[in-house]
Amino acid sequence: ATDRPVVGAVGPDHDPSRRLLLARGAAIFAGLTATGLVGYGVRTAMGPPRLDRVQIPLAKLPRSMDGLRIATVSDIHIGPLTGRAHTERIVAAINRLDADIVAVVGDLVDGTVAELGEDAAPLRDLRARHGSYFVTGNHEYYSGVEEWVAEVDRLGLRVLQNQRLEIAARGGVLDLAGVNDVSAVGTGVSAPPDYAATLADRDPSRPVVLLAHQPVAAMEAAKYGVDLQLSGHTHGGQIVPFNLLVKLEQPVVSGLGEVDGTKVYVTNGAGFWGPPVRVGAEPQVTLVELRSA
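In the working numbering, the protein residues as written are 1 to 293.
I should point out that these hints are in silico values taken from the structure, not numbers from a laboratory.
Hints are not guaranteed to be accurate.
[Claimed, not checked] Result set (DSS-like, lysine-lysine): computed pairs, CA atoms no more than 25 angstroms apart in a straight line:
# : residue 1 : residue 2
1 : K60       : K223
2 : K223      : K247
3 : K263      : K247
4 : K223      : K263
5 : K60       : K263
[Unchecked claim] Computed Cβ-Cβ distance ranges for the label pairs, DEER-style:
#  : residue 1 : residue 2 : range
6  : A200      : P57       : 36 to 44 angstroms
7  : A191      : G83       : 29 to 37 angstroms
8  : R53       : A196      : 16 to 24 angstroms
9  : G188      : L165      : 32 to 40 angstroms
10 : R53       : A150      : 27 to 35 angstroms
11 : T187      : H130      : 17 to 25 angstroms
12 : G188      : L245      : 27 to 35 angstroms
13 : G261      : P192      : 39 to 47 angstroms
14 : G83       : E249      : 26 to 34 angstroms
15 : A200      : L244      : 18 to 26 angstroms
16 : E118      : E249      : 15 to 23 angstroms
17 : A114      : G261      : 43 to 51 angstroms
18 : G83       : E166      : 16 to 24 angstroms
All C-beta atoms, glycine included, are put in the ideal place defined by N, C-alpha and C.
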């Protein structure tokens, strides 16, 4: 008797039929995992936005204005796949925050006013004690920016086009500013961002909050002593691991960061672009609460 294997015998680890079975099993498992992941991503992208709160101290904020609340949303991307219900969900989420100011920081639409005007109409129901404000994103310039600026204004949002205004609240004053998107090329509503016109010659003792669609705008805004910039554009990467690629062109991808002394808060956006899928970056509406340092 011998324990040596018979020459030419096929052991269990070398059985072709077993290897085929294992390969097929692995492929089926991978397929089911991918299908489940995509299904989860679609439900997330098409669902209601997550409501987040962040407190940001500003050294110049008067004590009387401590706790001023800015509801911040970006990248709603009203389009053929979203419909009016998408806008209604976002407006309802913002209104539940009972904010002092609403800031819509670009990429509102993916289509013309004629195509999407009815879907954007719920924006007229936005509520804030000191007004709702809008700055253009790059997608507005693909969708008829002149018509959309007029339409957004008609719906009750003030469009800040390289402009600054005073917000007097709770016995104090801060400057709220907005610049056109960095992708803008042209004149009028299509003019590129003008940081000097927007931010120069202001009272340096007052804090200034800048609305700018792309975080990279902070590299110029910081030169003018901006205290806080509110941005979107990145979608938080939308689908992991694309957040790593976004980092190559934007200084902050998601959440609170800093660029040359200017604080930059980037919200993930409330909609989606391209495939209706979000994985690792839920749609988001953020309540930014300003605190006196």
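query: Can you name, in rising order, the numbers of the hints this structure does not satisfy?
result: 6, 8, 9, 11, 13, 15, 16 and 18
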